[in-house]
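Peer 1: Sequence lines, in order, name chains A and B.
The letter at position 97 of the first sequence is residue 97 when you use our numbering, and the numbering goes up by one with no holes.
The letter at position 362 of the second sequence is residue 1362 when you use our numbering, and the numbering goes up by one with no holes.
In case anyone wonders, no lab produced these hints; they're calculated from the structure.
Warning: the hint list may mix true and false statements.
Below, a list of computed lysine-lysine pairs in the BS3-like style, where the Cα atoms sit at most 30 Å apart [stated by the list, open to error]: (1) A:Lys-51 to B:Lys-1019; (2) B:Lys-1261 to A:Lys-132; (3) A:Lys-23 to B:Lys-1246; (4) B:Lys-1019 to A:Lys-91; (5) A:Lys-23 to B:Lys-1127.
All values reported here derive from a predicted model rather than from experimental measurement.
Residues per chain are reported as follows:
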Amino acid sequence: MSTPELNQGKPPRPPAAAPGPRKVPAPRVLPESQAYWTAADEGRLLVKKCKACGEFHHYPRDVCPHCLSVDTEWRQAAGTGTIYSFSTMGKGEAAYTLAFVTIDEGVTLMTNLVDCDPATVSIGQPVRVVFKPSEGGHAVPMFTPA
Amino acid sequence: MSLNGSAYIVGAYEHPTRKADALSVVRLHADVARGALEDAGLSKGDIDGYFCAGDAPGLGATTMAEYLGLKLRHVDSTECGGSAPILHVAHAAEAIAAGRCNVALITLAGRPRAQMVAAQAAAKDAKGRAPLALKPPDPDAPELAFELPYGPATQNLYAAVAKRHMHEFGTTSEQLAWIKVAASHHAQHNPLAMLRDVVTVEDVLNSPLVSDPLHRLDCCVMSDGGGAIIVARPEIARQLARPLVKVRGTGEAPKHGMGGKMDLTYSAAAWSGPLAFAEAGLTPADIQYASLYDSFTITVLMQLEDLGFCRKGEGGRFVADGNLISGVGKLPFNTDGGGLCNNHPANRGGITKIIEAVRQLRGEAHPAVQVPNCSLALANGIGGALASRHTAGTLILERV
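For reference, chain B alone in the conformation it holds in the complex (with noise of 0.2 Å):
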């Protein structure tokens, strides 16, 4: 069964805080439900699907179904962690075709970084040290005795990618810093982006060593909010007032150490573009405006190659001189200043992803930043680590 055509993206908003000290993770995502209820002119009634991933509280679907008071006949918590919201959209398209229900609700949200403030606070208090993560590894994962005393962080196991990127390929660190050149040449439109200003390629060099050969703006920006998507029949798509965006293509896969005959000169991206690219019968070289998962510059990079934009080790000549610049370059990409400038709502960029594709094809992008007569677009998420295990999930959307 092909999933073009099978649904449309009806109703997209993001919350607009960045920290969010008073909110909480229940209330965020309540907050983005109603705001994307408004957009797409429906209401709580309307929806009879709903879908969320292992940012939302309690027993997740459960719970927010219980919050928000709805009544369902269709639930999907597909965890993968930030590029879930990608998947969800997939799997409504495939719920709403399979008669399961007409209108799914999709939300993301989190406090992060307010939680992570409070936690150095109270680590300063005890004086004691600040948490690496918020959360406890889980006990039961089978991996978890073989990497957790060897220290993985988010951030050198990315660093890990791009220093092998650097070695197969000759990629430099002066390519990886034009992806952050170019997030932060759009995010300078975004009034609500967390880093406004236009940084350059010596900006970037000259940040502080996170893990090498990542530095400080390499790394994406920590932020509490969230969003939602609202996915619809066609038949319901067509009666609202808001411009049609129809599901062309989904892919989704998982990549893994695979008993360690690890590769990681490439990302899971390689499997869902191709998967998504069959279904809407296209190639990239249709896409006019990609949202891509930026964690890091080097995740990029890796998917601009995995996904077929540019050859395996092109991506750092690619990126170079603004090449995803809008208006300057020839694939603009995270317009809204992605998770680079803009925020990372729970740690989870996904969903913020297909919102600012959406905003593109409906024509309500800045207008500094909004790709002319935009009717292809793809989103693609990665989440999990690229060194590690991950799930990469590609979206291609359509203007109709």
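Okay, chain A solo, but in the shape it has when bound (with noise of 0.2 Å):
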């Protein structure tokens, strides 16, 4: 984004596309959430489920926020799900699509979708996670479609 461009009192752009695609920052894991990261290095997605509600909730605490339990456990999750809604942002191969996907236990996360044109996905359309490197850090759950 050049100055003069700013000066005219245009809305914000991205920024410039920098060469190759977007890296994906390591994930900053606090230490109620460290089992999630190193299952993801495994290749496998867990949930975290209520002992004492029986909620699942998502992203994943100690204290369960539906009911305020600390008799939380992990699960593994199926690892499908369904697209609640998404976007694609920048350009080229610095494009990126910001997706929520609501998997087969009920609850809804953050992720990307990835391997495939997300001109030609919808939201309802089934998908799988599949875990991707991030820049020095954890494998990091993403979906495409199933």
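With the hints as a guide, dock the two chains, each given alone in a separate frame, to form the complex.
Peer 2: Now the structure itself:
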């Protein structure tokens, strides 16, 4: 984005695309979600379930956001779900698709749609989890059409 | 305790700058404080309560009290992003009703535009990437690991809301564009507005896609500047020479990912709005002018539905054909041009929403956009991001 454009009072643009695809920042992990990221490195998607109220939740916490019980446990998710919404931002190789995917366990995750042409996907479409490397950190769960 | 009638807005001031190359953040706060005091006909020594949010530097209220030389007996730094000043008005009314202060000053200011230009120039010199955000994320934020890797920017978060709305209710990009068209019709009369050209639906649709389905003209401007509001006890308001603008209804509510049971089809305004209308003893049909937070066109559409100006899912039809244009449609909105065309100081649009509502109630809006005999106005803010977490504040004001 050049300064003269800004001076004309235009709305902000995404920064000019640097060469190459967007790099995935490494997740900065808190102790209570370490298991999630260790499992991601092994190609497994975990989801938190509360043993007190029986509800799943995401993002994972020690404390259940539905009933405040600390009696929560990790479950392995089926790894499938449907697209709740999505949007593609950026141009060329740097374009990426932010998405919200509702997994079969009933919770919705922020994620990216990958390995597909976002112009051909739609809300409600079935997707499955894949794991992509981050920049010097844990693998990150993303989704692709099932 | 109802806040209806407990306090009045006696001072309002908007900073004229849109790019503050040579003004510090604290100086911008001071400028708007001086402007609002002059507008109210009060002096610094009258202020005994002060309110600011995360845009104030250093220790916030403490730093500002020192810089301005304020002697205070009540401070409040409620931080919820761009909607904060709307909550501050309610909290000031509470404090006044509780006897904690008599005259409350609220300031908001920032210079993200000048800072971004400087950061981009530095990145260019270093042959690096321009920064996406000016401040690093909080490493203790519990959601960070589950969001940052996926690249949530403000634009794509609101775009995801727009796409879901289109999916659920058949809303179209043309309908969203009408919101920008209405804002531009108002901004043409505001000499300070960053975007003064009247645009058409086609202009919006032909502007570059930023994050589908949102186009560049669906987005607000980035600007420097700020604004201030002074809230006072009714007895003090009646001694001043300014028109009387009464706080009639207030509401606030946060909404978030709800542990993964998220629903992006409504905003927290669906909760803050009914609180404010109940306190005011009014319905949406009573409102003659609305300041609606317009970070994006979709933000306005969501608030129209959630505040009850139309039914859920009918926002697209409500905004079409100029229904938000003053003098043309049923619900004039953002007659200063709003964030979409005028300014969005500190990336926070809350204070300017209050200021234009006060202008309308005083009869001090531009004559081309002034709502005749405007006696009931609403200002609503959305702070944070619709698709992740945000706090809505609703304020209903009355000219008495």
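Peer 1: Take the C-alpha atoms of Lys-23 of chain A and Lys-1127 of chain B, compute the straight-line distance between them, and say whether it is at most 30 Å.
Peer 2: holds, 17 Å
Peer 1: Check the hint pairing Lys-1019 of chain B with Lys-91 of chain A against an upper bound of 30 Å on the C-alpha distance.
Peer 2: holds, 28 Å
Peer 1: Would the hint linking Lys-51 of chain A and Lys-1019 of chain B be met if the CA-CA limit is 30 Å?
Peer 2: Not satisfied, since the Cα-Cα distance of roughly 54 Å exceeds 30 Å.
Peer 1: Hinted pair, alpha-carbon criterion (30 Å max): Lys-23 of chain A, Lys-1246 of chain B. Please report holds or violated.
Peer 2: Measuring from Cα to Cα gives roughly 52 Å; hence the hint is violated.
Peer 1: Starting from Lys-1261 of chain B, check that the Cα of Lys-132 of chain A is at most 30 Å away, please.
Peer 2: Between Lys-1261 of chain B and Lys-132 of chain A the Cα gap is close to 25 Å, so the pair holds against 30 Å.
Hints 1, 3 from the earlier list are contradicted by this structure; the remaining hints agree with it.
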